[in-house]
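Please put together the full structure from these sequences, using the hints given.
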Amino acid sequence: MIHSLFMINSAGDIFMEKHWKSVISRSVCDYFFEEQQKANSPEDVNPVISTPHHYLIHIYRENIYFVAVCTTEVPPLFVIEFLHRVVDTFTDYFGDGGETAIKDNYVIVYELLEEMLDNGFPLATESNILKELIKPPNILRTVVNTVTGSSNLADTLPTGQLSNVPWRRAGVKYTNNEAYFDVIEEIDAIIDKQGSTVFADIQGVIDCCVKLSGMPDLTLSFMNPRILDDVSFHPCVRFKRWESERVLSFVPPDGNFRLISYHVGSQNMVAIPVYVKPNISFREGGGRFDVTVGPKQTMGKLVESVVITCAMPKVVLNMNLTPTQGTYTFDPVAKVLTWDVGKINPQKLPNLRGNISLQSGSPPPESNPAISVQFKIQQMAVSGLKVNRLDMYGEKYKPFKGVKYLTKAGNFQVRT
Amino acid sequence: MPFFAGNDTIKELRTALSDPAVQADKNRYRQVLRRVVSLMTDGADMSPLFPDIIKASATPDLVQKKLTYLYICNYAATQQDLALLAVNTLQKDCLEPNPMVRGLALRTMCSLRIPSLVEYIQMPLKRGLQDSSAYVRRNAVNGCAKMLHIAPELIQDASMIDQLYGMIRDKDPIVVVNCLQALEEILQAEGGVVVNKNIAHYLLNRVQDFSEWGQCQVLHFLLKYKPAEEEETFDIMNIVDVCLKHSNSGVIMAALKYFLFLTEDMPQIQEQVYNRAKSPLLNIITSGGPELSYVALCHIQYILTTSPGLFNKDFKKFFCRYNDPLYVKTKKLHVLTEMATDGTESDIVEELSMYCTDVSTDLATASIQAIGKIARRLPTSASHCVGTLLKIHGLQQEHITSAVLMALKDLVLLYPDIIPKVTPLLPNCVDLVQEGPAKATLVWLLGQYGHTLPNGPYILEDMIENVASEISIQVKLELLTATAKMFFSRPAECQDMLGRLLEYCIDEDTNMAVRDRALMYYRLLHTDVQQARRVILGAANRPVQIQDSDAPGQEIIDLQDLNTLVPIYGRRSWDVMVEEQRRKEQQTKLTNGTSNETDMGAEGGEEDDLEETISLLSPSNLTPQEFETKWEELDCVTTVHLDYDPTHSPNGLLQKLEGAHIFTMASSPEDAAPWKAFLFAVAEMKDQTHLVLVELCVDRTAATMQATCKFDADQMEAAVPLISQFGRILRGTITSP
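Protein chains in written order, with UniProt numbering: chain A, 1 to 416; chain B, 1 to 737.
Heads up, a few of these hints could be off.
What the hints assert, rightly or not - In silico DSS-like links for lysine-lysine, alpha-carbon gap of 25 Å or less:
(1) A:Lys131 x B:Lys171
(2) A:Lys211 x A:Lys131
(3) A:Lys296 x A:Lys386
(4) A:Lys193 x B:Lys391
Stated by the list, open to error - Pulled a few chain B residues facing chain A out of the computed Cβ check, cut under 7 Å:
(5) Lys146
(6) Cys216
(7) Ser249
(8) Met253
(9) Ser279
(10) Pro325
(11) Thr564
(12) Met577
No lab work stands behind these hints: they were computed from the structure.
We put the CB at the ideal spot given by N, CA and C, even for glycine.
In structure tokens:
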């Protein structure tokens with residue numbers, strides 16, 4: 001299915017290649033480069049390229065193109081998902097999946113690729129199992145390794161592969177048994193000039209960090225499970241019980257994993273927690289910029305880490321602004337204005353205003369730039385989702401449990 | 001970039017590897033090996049170190065082993081003799097108590113891809129299939145698939161295949177999936193692995209055990225089994241339902257395809273399936289990465305062709321975000337255009353008009369075209385769309401104005417009532433629009449409708465003044481026609497300028513088309529003005545039909561194509577691509593095929609002398625006249641009767657023959673009946689060349705064809721092997737798939 005993998009950096013160097021079947025010459029990447037030339041920006045390269053003998057499917061992450069070469073007809077989503085999983089694994093192992101990290105750990109990268117795929121088909125991709133096969137590097141371990149002469153490789157067979165539950169290894173032991181659940185919701189929205197919502201929806205996930213000994217069987221129930229109607233689960237969740245009782249019953253993988261991801265769509269009204277009042281106008285040679293942000297429906301919670309970015313039109317030369325709080329920067333090359341607002345104080349709304357100077361002689365831009373907003377609200381799930389209780393069966397000890405909520409902006413744009 | 005490590009580096013590494021002090025210190029030794037592997041991955045040629053590395057592979061240290069295996073796999077193919085040495089160690093490793101080592105050794109051995117080593121691999125491979133460790137079994141099963149290409153006789157053995165079929169019941173889910181995959185490859189000639197009711201039910205019951213990738217593959221294999229009863233179908237759907245809720249989009253798509261396959265004959269249920277798959281699909285678009293969302297959009301566009309209304313309520317999810325990559329935006333535009341209905345049209349057009357001011361001119365142009373397309377498709381929306389286009393036009397940007405003009409040009413033909421709204425805009429465009437096609441459109445609009453403008457002729461006059469500097473031929477041609485048209489409605493103002501234009505075009509322009517059209521107009525006007533009017537203006541208000549090349553409904557959706565690359569490329573371009581690839585492969589295969597033919601003839605030697613084999617050479621020059629005279633002359637004739645496969649086109653046949661060095665002299669048109677072709681080839685036998693002429697005659701109704709071959713040979717006896725062998729090649733080529 002996946003014949004070979006090439007990793008290409010933004011300078012166009014193929015800095016790593018791996019072949020699972022016969023070796024395919026690097027020249028196949030020329031087709032990719034050709035396509036890359038046509039694109040205006042690195043993200044714009046079409047992800048599926050056909051060549052006379054192969055199909056190139058790539059993803060662009062961490063400023064690297066991961067190009068998979070396939071010779072036969074393939075399910076494209078499968079390949080793309082797999083590539084993402086490869087990068088996720090690198091990030092998991094090395095802290096980031098960037099070029100330097102990969103180059104520094106090329107031997108581990110090869111080992112990982114070898115274990116993840118054989119003869120073109122995925123083998124082991126669960127981070128639990130991979131970590132049993134190949135130990136991740138870390139600074140401490142490097143030190144320990146040099147002192148004790150032990151290695152990054154497990155000397156024993158991974159036990160997890162033989163347990164009945166494919167995602168959990170047998171014989172897990174912890175002194176402190178704990179289970180943490182993070183309910184994280186992102187709001188994707190497009191707000192128009194008048195402040196009304198063009199489109200809004202909520203992407204939610206529950207990420208878990210479960211460190212429990214033995215084979216615990218957990219049940220997580222919600223106060224209002226009805227909100228979750230469009231859900232995708234980790235394979236460990238028993239789907240039948242969810243269908244009948246609306247509780248999540250599962251034997252968790254060990255460590256960090258994503259239990260469910262869900263989606264609250266346009267049929268439910270989405271409460272938009274912040275508003276932005278933009279007032280941008282251009283005239284010959286210059287313009288005015290005036291933006292105010294304020295909280296809307298936050299259930300009394302503080303809106304934090306607010307950052308406002310605005311990609312100004314190319315003709316903007318500079319901006320001279322004064323913020324009532326926070327700091328702003330304007331990158332005159334990329335023409336991007338970034339205003340780091342911080343917390344919003346509802347009594348004194350943050351405001352940024354001032355003048356725009358345009359290149360002399362060029363006509364004022366015909367449209368106003370869109371503003372994108374970042375924010376975080378702790379201890380609130382904007383959809384209203386609430387965890388009711390967590391029960392554990394199958395083990396005797398009492399675990400420590402915790403639930404955290406976080407709402408943040410995903411793709412949140414305001415048109416001006 | 002690959003580079004060549006100097007001899008010094010290799011020497012240095014070699015000394016290090018053989019230095020007893022380094023060998024004694026595990027860590028230092030690993031460091032050296034690591035350097036070798038790192039240089040190797042950078043593309044440096046490390047093959048001279050092969051013997052040293054093989055020595056290093058005999059070690060109890062697992063890290064060292066892994067590194068050496070990595071090296072061996074990389075260079076075994078180029079160092080086949082030395083690889084034999086490595087096999088010894090590998091064989092021993094296959095008997096290690098540690099299953100990790102056994103598995104690794106087996107995997108490495110099967111990845112060597114050296115045919116001469118097959119006999120050493122056979123035993124460990126068979127042992128591996130029965131190993132107690134799942135890790136080893138996985139590698140053994142994959143090993144079978146890898147060995148297929150170098151030792152087919154070993155793998156395609158009945159007992160081996162039986163064993164693999166038995167292993168589908170393995171308790172390790174990954175072994176099961178690998179097994180299915182291996183069988184699929186091994187049994188490709190017989191149509192792949194057989195999935196009967198038992199296997200299908202067994203797989204379905206375990207579907208939850210498989211990893212996400214396993215699920216994708218299993219769902220694909222399940223397509224081979226169609227449940228007989230409706231009840232069974234519903235049971236299966238209940239089991240697979242969970243896959244639609246998976247977080248991996250690959251699984252979702254595979255499950256969707258499986259569902260649609262199951263409900264193929266139940267249209268109402270199929271509709272429910274679409275509805276159920278709707279929100280997972282939308283999720284991929286909104287929450288997946290751009291690449292996933294692109295592929296999902298392609299699929300949605302594909303699905304929309306059969307169930308157009310499916311996503312109508314959710315059209316807002318397809319609105320572009322400003323940070324979407326261009327390819328996603330363009331795809332979203334296409335989907336939005338196709339989704340527009342009377343209810344949603346105004347919102348969608350409003351949204352599209354937002355994109356017109358995008359920094360990317362490509363997107364801006366595409367969005368204007370999209371508005372035009374919606375207006376063409378939905379007559380009720382036309383006035384709103386035109387209104388929007390006119391508003392956008394007010395932005396006074398070159399690329400926008402150009403695109404608007406092109407969109408309006410199609411619309412004025414469909415909806416003549418908008419003409420009075422469009423014409424007043426034209427004078428403003430003149431300075432803005434500079435590029436060829438858009439300018440040509442503008443000139444055409446001026447010619448067609450400009451006579452109502454008070455200053456219409458003078459706009460054209462300005463252009464005529466500058467015609468010498470105009471590069472685009474299209475614009476010049478349009479300008480000629482437009483001026484001529486204008487002349488008939490406002491002769492007094494136009495006569496002079498038309499004269500000047502004609503003069504320039506006839507005397508000075510270098511382009512033939514421009515000159516010819518100018519001359520034609522000149523002569524027409526010269527002979528009879530009334531006739532000229534009839535010719536140039538034509539019958540007014542002909543009904544117009546505009547066909548979009550990519551209009552929906554033209555693509556026929558095929559279920560089999562879901563979750564493949566077809567939705568991304570579109571059916572037709574995909575077919576072209578596949579055909580192209582097949583042809584290329586066939587050509588290489590055929591050239592090999594013909595030599596095989598002759599080899600077989602030589603070996604079998606049933607009726608021919610052993611050494612009398614022929615091969616067909618590249619073409620010599622043969623003119624039709626020569627062909628004709630030769631055809632008359634030659635009297636050594638044989639006739640071959642063959643079946644004709646009506647699915648193949650005669651031209652495809654000729655291409656196939658050409659691949660086998662049988663060339664076409666002449667052929668009748670594709671659809672002629674009976675279809676005939678004259679072919680020739682140059683055959684070499686016993687260092688002598690013979691010309692072979694063939695007349696191929698296809699009778700479509702009887703699905704037969706007849707090839708009359710004439711051979712250029714002195715004696716009939718000598719020609720016998722030639723005739724029989726040529727006949728075999730011809731037969732083989734024509735009947736090959």
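Consistency of the hints with the structure:
no.	hint	result
1	A:Lys131 x B:Lys171	holds (23 Å)
2	A:Lys211 x A:Lys131	holds (15 Å)
3	A:Lys296 x A:Lys386	holds (21 Å)
4	A:Lys193 x B:Lys391	holds (18 Å)
5	Lys146	holds (6 Å)
6	Cys216	holds (5 Å)
7	Ser249	holds (5 Å)
8	Met253	holds (5 Å)
9	Ser279	holds (4 Å)
10	Pro325	holds (4 Å)
11	Thr564	holds (5 Å)
12	Met577	holds (6 Å)
In the structure shown, no violation is registered for any of the earlier numbered hints.
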